[in-house]
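Please construct the entire structure, taking both the sequences and the accompanying hints into account.
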Amino acid sequence: MSPILDSIGSVKAYGWGAFSSPYAFESIATGTVSAGNTSSVITFSSIPSTYAHLQLRMFARATAQNTMFVRFNNDSGSTNYDNHRMNGAGTSVGVDARINYSALFVSSKGYGIVPTANIGSAVIMDILDYTNTNKYKVTRTLSGNERNTSDGTSDIEYTSGSWKNTNAINRIDVSLQTSTLAEYTHIALYGIKGA
Amino acid sequence: MTATYDCIATTNPSGVQSITFSSIPGTYTDLIIAGVGFASTETYYEIQFNSDTGNNYSFTSILGTGSVAASGGTKNTYAIGVTRIETQSAFLCHIMNYANTTTYKTALARNSNGGQIVYQAVGLWRNTNAITSVTLKSQIVNFNSGSTFSLYGIKAE
Numbered sequence: 001m002s003p004i005l006d007s008i009g010s011v012k013a014y015g016w017g018a019f020s021s022p023y024a025f026e027s028i029a030t031g032t033v034s035a036g037n038t039s040s041v042i043t044f045s046s047i048p049s050t051y052a053h054l055q056l057r058m059f060a061r062a063t064a065q066n067t068m069f070v071r072f073n074n075d076s077g078s079t080n081y082d083n084h085r086m087n088g089a090g091t092s093v094g095v096d097a098r099i100n101y102s103a104l105f106v107s108s109k110g111y112g113i114v115p116t117a118n119i120g121s122a123v124i125m126d127i128l129d130y131t132n133t134n135k136y137k138v139t140r141t142l143s144g145n146e147r148n149t150s151d152g153t154s155d156i157e158y159t160s161g162s163w164k165n166t167n168a169i170n171r172i173d174v175s176l177q178t179s180t181l182a183e184y185t186h187i188a189l190y191g192i193k194g195a
Numbered sequence: 001m002t003a004t005y006d007c008i009a010t011t012n013p014s015g016v017q018s019i020t021f022s023s024i025p026g027t028y029t030d031l032i033i034a035g036v037g038f039a040s041t042e043t044y045y046e047i048q049f050n051s052d053t054g055n056n057y058s059f060t061s062i063l064g065t066g067s068v069a070a071s072g073g074t075k076n077t078y079a080i081g082v083t084r085i086e087t088q089s090a091f092l093c094h095i096m097n098y099a100n101t102t103t104y105k106t107a108l109a110r111n112s113n114g115g116q117i118v119y120q121a122v123g124l125w126r127n128t129n130a131i132t133s134v135t136l137k138s139q140i141v142n143f144n145s146g147s148t149f150s151l152y153g154i155k156a157e
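Protein chains in written order, with my numbering: chain H, 1 to 195; chain R, 1 to 157.
One or more of the hints may lead you astray.
[Claimed, not checked] Covered stretches of chain H, as calculated for chain R (at least 3 residues, CB under 8 angstroms): (1) 29-41; (2) 86-92; (3) 120-133; (4) 138-145; (5) 150-159; (6) 185-192.
Source of the hints: derived by calculation from the structure; they are not laboratory data.
Note that CB positions come from ideal geometry on N, CA and C, so glycine has one too.
The following block contains the structure:
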């Protein structure tokens, strides 16, 4: 079942991102990079296990164009994550996969997280059933960066990910593959309650 | 932990071609428009911020029709295209970090139309002002009865 299920008028809506009861969605913590600073990683630790699902909402900037990495429980094992994605770069559609990878990746098919002045990448990642200890963890991510460019460097992506571990998630690290998070990056972690 | 995801306003338009959420408080982190649109024929929904109708927007989209996948980009235009409506469609539009006065504003939209298409887009408003109003327009025809749009606010702790 979707983490978010509710209705507007007579129309039921299932899935990604909204329609929840106001009191089923809670802010857990926020990581930011203030003006003039950079950060190699933003870590959410000691995540409570009292929710059904988690959601990361990001406005992310980079010191150099780069792929975003998300890891759970400080696990950087080289084969512990799987990723599939599709993207649109304005003129072309692409699909690919990174199987047995070292992280969940975000916004890597196109131009990536951007260093362009005034512009950030938007990322929403749902982390489903994160405390379940009987199955691997699954994520779905919508991300994009729009730069008012027609050269393929503006990009919209949809990604599914799996962390091949049955442990409950209690820590999330957000970083970039080779560069650093830039000023005005804002990453917020939310918890979504179950019934 | 702070409960959030507040409904700021809801409107159920019929017979008009645009609606505006105005006087949006700056107290949230992100905004979400959740809507179901009905139309008499194919149209597109577009959003503008703070009554800005200049060519200060751009967006990149991807859509699938069941037989075709395509991507498009529209630059230096007057609005962000957030949905394609056949006769009815549900959509969510996330407006990230809308109240900050340092960066341009980015929105992510996803639109599902069970009969015809799935559509996703990222859009940019090249303005550093805080967003205080959002106008949702139907490009071709009026909103039909049954259309309903809500604006939510999410606040990060």
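key: chain R over the stretch 29-41 of chain H, status - at least 3 residues with CB closer than 8 angstroms   = Three-residue rule met by the stretch 29-41 of chain H, so holds; n is 3.
message = Tell me whether the statement that chain R covers the stretch 138-145 of chain H is true, taking a Cβ distance below 8 angstroms and needing three residues at minimum.
response = Check passed, 4 qualifying residues.
key: Verdict on chain R covering the stretch 150-159 of chain H, criterion of 3 CB contacts below 8 angstroms   = Result for this restraint: holds, n = 5.
inquiry  = So is the stretch 120-133 of chain H in contact with chain R by the C-beta rule, three or more residues under 8 angstroms, or is the coverage claim wrong?
reply    = That given contact holds, which follows from 4 residues of the stretch 120-133 of chain H lying within Cβ reach (below 8 angstroms) of chain R.
query = Are at least 3 residues of the stretch 86-92 of chain H within less than 8 angstroms of chain R when you compare beta carbons?
reply = holds (count 7)
ask   = Within the assertion that chain R covers the stretch 185-192 of chain H, do at least three residues meet a Cβ-to-Cβ distance smaller than 8 angstroms?
value = Our answer is that it holds, as 4 residues pass the Cβ test (under 8 angstroms) against chain R, meeting three.
In the structure shown, no violation is registered for any of the earlier numbered hints.
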